[in-house]
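Number of protein chains: 2
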Amino acid sequence: MAKTKRICTLLLRLLALAATLSAAIVMGTSHEEANFFAISFEAKYSDTPAFKYFVIANVFASVYGFLVLFHPPESLLWRLVVALDVVFTMLLTSSLSAALAVAYVGKKGDSQAGWLPICGQVEKYCHQVGGALAAGFIGVVIYMMLLLYSIHTALNPLLV
Amino acid sequence: MAKTKRICTLLLRLLALAATLSAAIVMGTSHEEANFFAISFEAKYSDTPAFKYFVIANVFASVYGFLVLFHPPESLLWRLVVALDVVFTMLLTSSLSAALAVAYVGKKGDSQAGWLPICGQVEKYCHQVGGALAAGFIGVVIYMMLLLYSIHTALNPLLV
Numbered sequence: 001m002a003k004t005k006r007i008c009t010l011l012l013r014l015l016a017l018a019a020t021l022s023a024a025i026v027m028g029t030s031h032e033e034a035n036f037f038a039i040s041f042e043a044k045y046s047d048t049p050a051f052k053y054f055v056i057a058n059v060f061a062s063v064y065g066f067l068v069l070f071h072p073p074e075s076l077l078w079r080l081v082v083a084l085d086v087v088f089t090m091l092l093t094s095s096l097s098a099a100l101a102v103a104y105v106g107k108k109g110d111s112q113a114g115w116l117p118i119c120g121q122v123e124k125y126c127h128q129v130g131g132a133l134a135a136g137f138i139g140v141v142i143y144m145m146l147l148l149y150s151i152h153t154a155l156n157p158l159l160v
Numbered sequence: 001m002a003k004t005k006r007i008c009t010l011l012l013r014l015l016a017l018a019a020t021l022s023a024a025i026v027m028g029t030s031h032e033e034a035n036f037f038a039i040s041f042e043a044k045y046s047d048t049p050a051f052k053y054f055v056i057a058n059v060f061a062s063v064y065g066f067l068v069l070f071h072p073p074e075s076l077l078w079r080l081v082v083a084l085d086v087v088f089t090m091l092l093t094s095s096l097s098a099a100l101a102v103a104y105v106g107k108k109g110d111s112q113a114g115w116l117p118i119c120g121q122v123e124k125y126c127h128q129v130g131g132a133l134a135a136g137f138i139g140v141v142i143y144m145m146l147l148l149y150s151i152h153t154a155l156n157p158l159l160v
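Protein chains in written order, with full-length UniProt numbering: chain A, 1 to 160; chain B, 1 to 160.
Since the hints were derived computationally from the structure, they do not count as laboratory data.
Hints are not guaranteed to be accurate.
Pairs involving identical chains hold if they fit within one copy or between any two copies, as the list cannot separate such chains.
Once the Cα atoms are required to be at most 16 Å apart in a straight line, the calculated EDC-like pairs of lysine to aspartate or glutamate come out as [said to hold, decoys possible]:
no.	residue 1	residue 2
1	K44	E123
2	K44	D110
3	K52	D110
4	K52	E123
5	K5	E42
6	K108	D47
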């Protein structure tokens, strides 16, 4: 029973690592050159602070997710792992929300503020950002599951 | 010792309730009419989906924060409280990040996307939104402290 649980957790952690890593790579490689009337401009993730934050948070979470794979299950540091899981889940949630909010303005615009949507001009860029956000969302959901599972088992000594 | 802890937790929860409630009220009452050349427009929180989400999340967190004050310390539901703390901390983090990201664009603009900053036109509105975000930030920090404290004590049966 304990072994099955261990394998499940390991699989979830591997999935989370894959999700955060691909979110960082897909967002990090997103760019497109476009011509708008006579003006040529390049849309890049690094122009938008929220997207930069998203890449940095996912890189950090990937490094943590990689290191924690080698954490022995008998170690006494598991309380630290749960606390770090909380911190990294927060970091990922926060970066995903910030990137989503800006991407929403990019897609729909904001008529009150006079901000026009830009997805019509840089469609490929928009799709790539959307893919990165989807991968980031999967990462957040898996970390959330791992966290609630830790709380469910670890907070009840009878279940461990 | 247990009583001091109980009082500390209660005080933190009261502070968190005050922070989320004031964040919701300050953001919810933010609006300003401005004239830009010949055009008159009204800046309101409800025009921006991220700010609406911020208000809703803080209202939900306030209701939860109010109800949990009456939760008896001997109750067996404390594991549910920790899990709900995780969920609400996530919700607050996510709404704060989304609102911050949009507020940042409102303050600084985004030259690549052609979005102009609007804080020059609606200064009072911007300050009020800034105040709401500060209160929301305090709420997130307190919930984070409560969560890490729960993990610190509750995950170690010897410390309870």
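Each hint tested on the structure:
no., hint, in the structure
1, K44 x E123, "within (12 Å within a copy, 30 Å between copies)"
2, K44 x D110, "between (21 Å within a copy, 12 Å between copies)"
3, K52 x D110, "between (22 Å within a copy, 14 Å between copies)"
4, K52 x E123, "neither (20 Å within a copy, 27 Å between copies)"
5, K5 x E42, "neither (48 Å within a copy, 55 Å between copies)"
6, K108 x D47, "between (19 Å within a copy, 12 Å between copies)"
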